[in-house]
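Q: Now for the letters of each chain:
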Amino acid sequence: MIVAEQKPLEEIKELIADAERVLIVGCGTCVTVCFAGGAKEAAILGSTLRMATRLDGHGKAIDEVTVQRQCEWEYIDPLEARLDDYDLILSLGCGIGVQTLAERFPDKPVVPGLNTVFMGLPVEQGVWEERCQACGDCILGLTAGICPIARCSKQLLNGPCGGSQDGRCEVDESIPCAWQLIYERAKALGRLDKLLEIQPPKDWSKSRDGGPRRVVREDLRLTHRVAEVAGGER
Amino acid sequence: MTEFTPEIVAFCCRHCAYAAADLAGSLRIQYPPNVKVVEVPCTGRLDIVEVLHAFERGVDGVMAAG
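Those protein sequence lines, which keep their order, are chains A and B.
Sequential numbering of the first sequence, starting at 1, is according to this note's numbering.
Sequential numbering of the second sequence, starting at 1, is according to this note's numbering.
Bear in mind the hints are in silico, worked out from the structure with no lab data behind them.
Every value quoted in this text rests on a predicted model; they were computed, and no experiment measured them.
Where a beta carbon is used, it is the ideal one built from N, C-alpha and C, also for glycine.
Misleading hints may appear alongside valid ones.
What the hints assert, rightly or not - To give an idea of the chain B side of the interface with chain A (calculated C-beta under 10 Å), a few residues:
#, residue
1, Ile8
2, Leu52
3, Phe55
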């Protein structure tokens, strides 16, 4: 899931300072399950902001709504009918949700209420850890299912650095050394030989180094199908 | 200057605190009118959102009794 954290209240107040009527839009997917921007968090933030702005002497009209997913057109389109009532949208979606709203509603300012942090999982209740950096060229098959790109501070591909001490990372002792984890798991699986293969430098052109990325599936595109059907009829 | 009288909302569990308040009423025991009792199915149902909404509407204090 995408993991996010709510921005500090003071920063959110700054972001909505120019608006009188604010619609908080929560998201019912990733940020709901990481307790950052779901219906409950939207209700709490709405109530908090109504009281905080009133105490500051300029109370704002603030309402909340939560959509199932902010990152797909069909879920946010129904919002359009009520947007005339608001000066600004305060999105509690991830960075993708904020941009989807901004792209769909070009006349309406959209500001983020969250900081999107990473892609990861809850390792226990209340603790989330990063697991994937979307590098575009997955090597988990070579590294015993543990990602050195997301979990090694130096993104090393051929074993740990000299800073690995007692299974911990030199960057921060709270970080387990990814290569220690890889070694232990490969050993337990009897697949240590896999680690002897030297990995060449990673092709970062499939990651952010290649600029913003795009995935196109021609077999799924509706415009493509229409053209195909029209072509077949001819 | 008049004395400050706080407005209190009391969220009371129907199985204990609310039942107790009900019994107190049957016994004609008085309690101050600035306490407003709201029956909840269980105080476990009480969410921070309800507490915030109470404060938003101007109460000075919230009591969860259960």
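Q: Evaluate each hint against the coordinates.
A: Outcome of the hint check:
Given the 10 Å rule on beta carbons, the hint for Ile8 (chain B) is violated: about 18 Å separates it from the nearest Cβ of chain A. With a cut of 10 Å, the hint placing Leu52 (chain B) at the interface with chain A holds, because the nearest CB-to-CB distance is about 4 Å. With its C-beta approaching chain A no nearer than about 7 Å, Phe55 (chain B) sits inside the 10 Å limit, and its interface hint holds.
Of the numbered hints listed earlier, the single one contradicted by the structure is hint 1.
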